[in-house]
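Asks: Could you put together the complete structure from these sequences and hints?
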Amino acid sequence: EAGVAQSPRYKIIEKRQSVAFWCNPISGHATLYWYQQILGQGPKLLIQFQNNGVVDDSQLPKDRFSAERLKGVDSTLKIQPAKLEDSAVYLCASSLSDSSYNEQFFGPGTRLTVL
Amino acid sequence: GQQLNQSPQSMFIQEGEDVSMNCTSSSIFNTWLWYKQDPGEGPVLLIALYKAGELTSNGRLTAQFGITRKDSFLNISASIPSDVGIYFCAGLSGGSNYKLTFGKGTLLTVNP
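Same order as they appear, the protein sequences are chains A and B.
Quick note: to get the working numbering, add 19 to the position in the first sequence (first position is 1).
Quick note: to get the working numbering, add 1022 to the position in the second sequence (first position is 1).
Do not rely on the hints blindly, as some may be mistaken.
As the list claims (entries may be wrong) - Stretches of chain A that chain B covers, calculated by requiring three or more beta carbons in the stretch to come under 8 Å of a beta carbon on chain B:
| hint | stretch |
| --- | --- |
| 1 | 54 to 66 |
| 2 | 125 to 133 |
Stated by the list, open to error - Below, computed lysine-lysine pairings styled on DSS-like, alpha-carbon distance capped at 25 Å:
| hint | chain 1 | residue 1 | chain 2 | residue 2 |
| --- | --- | --- | --- | --- |
| 3 | A | K97 | A | K63 |
| 4 | A | K63 | B | K1092 |
| 5 | B | K1126 | B | K1092 |
| 6 | A | K102 | A | K30 |
| 7 | A | K102 | B | K1092 |
| 8 | A | K34 | A | K63 |
| 9 | A | K90 | A | K34 |
| 10 | B | K1126 | A | K30 |
| 11 | B | K1126 | A | K63 |
| 12 | A | K63 | A | K30 |
| 13 | A | K97 | A | K34 |
| 14 | A | K102 | A | K34 |
I should point out that these hints are in silico values taken from the structure, not numbers from a laboratory.
Computed from a predicted model, the values in this text were never measured in an experiment.
The beta-carbon is built from N, C-alpha and C at its ideal position, and this holds for glycine as well.
Replies: Set out below in structure tokens:
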């Protein structure tokens, strides 16, 4: 079974530029998560989708970050404009559903460097 | 928000040694999880603990869910070089969505 796919794996941009990340979850997984992992820290949840609806985006900096999952499968996370402090690894994870605890499976992440 | 205090921050041990790390919280969690993250990869679940007092093993790994539901520890016995990586504890809170809160991680280095 294929795991969670993410692209690109690495991205370097200058501050104030825009960037987008893509995630393809495990087939059949209804719940999709985006996490931000700053160097030396654990992952922090940015947004959680159940199918194509947002369940939790309380920690998403909505003035610059946006995410969508239009057809309930793939998802994109966008940052516009980027700041230096956005340098981090952006992890996507998926699970079967959020109606009870189901294991979250993580992708390899996209490492973003903002110069 | 909820915070997890994970210690130690890093460990450097010899192959064959046992290692222990722990996690404490000011809040109660319903489930404790332990993950391992290799360089350039996402975290992978090692052990899940669902009940206070529960002691669970997975090969050379043993983890316990504290009685107070505010702490957990992970032990690795007879370490080998492939145990190198960052180990994270995570607490799962219930409610309308099952949200994970991660500790800051323990970096384990094993000297062959």
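Asks: Now, for every hint given, state plainly whether the structure supports it.
Replies: Hints versus structure:
Check result for the stretch 54 to 66 of chain A against chain B: holds, 6 residues qualifying (beta carbon to beta carbon below 8 Å, three or more required). Restraint check on the stretch 125 to 133 of chain A versus chain B: 4 residues with Cβ-Cβ distances below 8 Å, three needed, restraint holds. Distance hint between A/K97 and A/K63 is fulfilled; the C-alpha atoms sit about 16 Å from each other, no more than 25 Å. For a cut-off of 25 Å, the pair hint linking A/K63 to B/K1092 stands: about 19 Å separates their Cα positions.
Restraint check for B/K1126 and B/K1092: satisfied, since their Cα atoms lie roughly 16 Å apart, inside the 25 Å limit. Proximity of A/K102 to A/K30 is assessed by CA-CA distance (about 14 Å); at most 25 Å being required, the pair is judged to hold. Between the alpha carbons of A/K102 and B/K1092 the distance comes to roughly 35 Å, so the proposed pair goes past 25 Å and is violated. This hinted pair checks out: A/K34 and A/K63 have alpha carbons roughly 22 Å apart, not beyond 25 Å.
The suggested pairing of A/K90 with A/K34 is violated, with an alpha-carbon distance near 31 Å, which exceeds 25 Å. Taking the CA atoms of B/K1126 and A/K30, the gap is near 24 Å; set against the 25 Å cutoff, the hint holds. Between B/K1126 and A/K63, the direct Cα distance comes to roughly 10 Å. Compliance with the 25 Å bound is thereby established for this hinted pair. For the given pair, A/K63 sits about 20 Å from A/K30 by alpha-carbon distance, which is consistent with the 25 Å threshold.
For a cut-off of 25 Å, the pair hint linking A/K97 to A/K34 stands: about 14 Å separates their Cα positions. Proposed proximity of A/K102 and A/K34 is supported: the alpha carbons are some 5 Å apart, at most 25 Å.
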